[in-house]
Structures are given as structure tokens and as C-alpha cells.
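I would like the entire structure built from these sequences, with the hints used as guidance.
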Amino acid sequence: DALSYAAVTALGDDDWRDILRFAARAAAVTCSRAGAEPPFARELAA
Numbered sequence: 925d926a927l928s929y930a931a932v933t934a935l936g937d938d939d940w941r942d943i944l945r946f947a948a949r950a951a952a953v954t955c956s957r958a959g960a961e962p963p964f965a966r967e968l969a970a
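So the number in the numbering used here is just where the residue sits in the sequence shown, counting from 1, plus 924.
One or more hints might be untrue.
What follows is a list of derived Cβ distance ranges for each label pair [stated by the list, open to error]: (1) A958 x V932: 11 to 21 Å; (2) L968 x D938: 15 to 25 Å; (3) L927 x A951: 17 to 27 Å; (4) A969 x D938: 17 to 27 Å; (5) L968 x G936: 14 to 24 Å; (6) G959 x A934: 18 to 28 Å; (7) R941 x A965: 31 to 41 Å; (8) A958 x D937: 21 to 31 Å.
Bear in mind the hints are in silico, worked out from the structure with no lab data behind them. A quick note: this is a predicted structure, and the numbers were derived from the prediction, not measured. For each residue, glycine too, the CB sits at the ideal point set by N, CA and C.
And the structure:
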């Protein structure tokens with residue numbers, strides 16, 4: 925399971941940095957739209 929304790933604690937600093945950057949991009953796109961409209965995956969690819 926991707927969110928198991930073992931999986932989460934095994935993540936390194938670079939993994940966390942990538943995860944948080946992705947989450948910040950998704951949040952920024954969501955907040956730029958009217959309503960709670962999350963971005964499509966293609967909008968976050970990069």
C-alpha cells in the first residue's frame with residue numbers, strides 16, 4: 925500500500941520534495957479556478 929507506514933517512512937528527502945512540489949502545483953491550479961475544480965493530470969505533467 926502506497927500510504928502504509930513502511931512506505932511513507934521509506935521516502936527520502938528528494939521524494940518528499942517532489943511530492944510536495946506536485947501537491948503545491950495542484951493546489952495552485954485548484955485555487956486559480958472558480959469552485960473546487962482540481963487539475964487534470966495532463967495539466968500537472970512536467
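Status of the hints after comparison with the structure:
A hinted range of 11 to 21 Å is violated for the C-beta pair A958 and V932, which are about 34 Å apart. A hinted range of 15 to 25 Å for the beta carbons of L968 and D938 is consistent with their spacing of about 18 Å. Distance hint check for L927 and A951: the Cβ-Cβ separation is about 19 Å, which falls inside the suggested range of 17 to 27 Å. The supplied range of 17 to 27 Å is met by A969 and D938, whose beta-carbon atoms lie about 19 Å from each other.
Between L968 and G936 the CB atoms are about 22 Å apart, so this pair conforms to the stated range of 14 to 24 Å. Checked against the hint of 18 to 28 Å, the C-beta distance between G959 and A934 comes to roughly 36 Å, which is inconsistent with it. Under the hint 31 to 41 Å, the C-beta atoms of R941 and A965, about 20 Å apart, miss the expected range. A958 and D937 have their C-beta atoms about 36 Å apart, which leaves the hinted 21 to 31 Å range violated.
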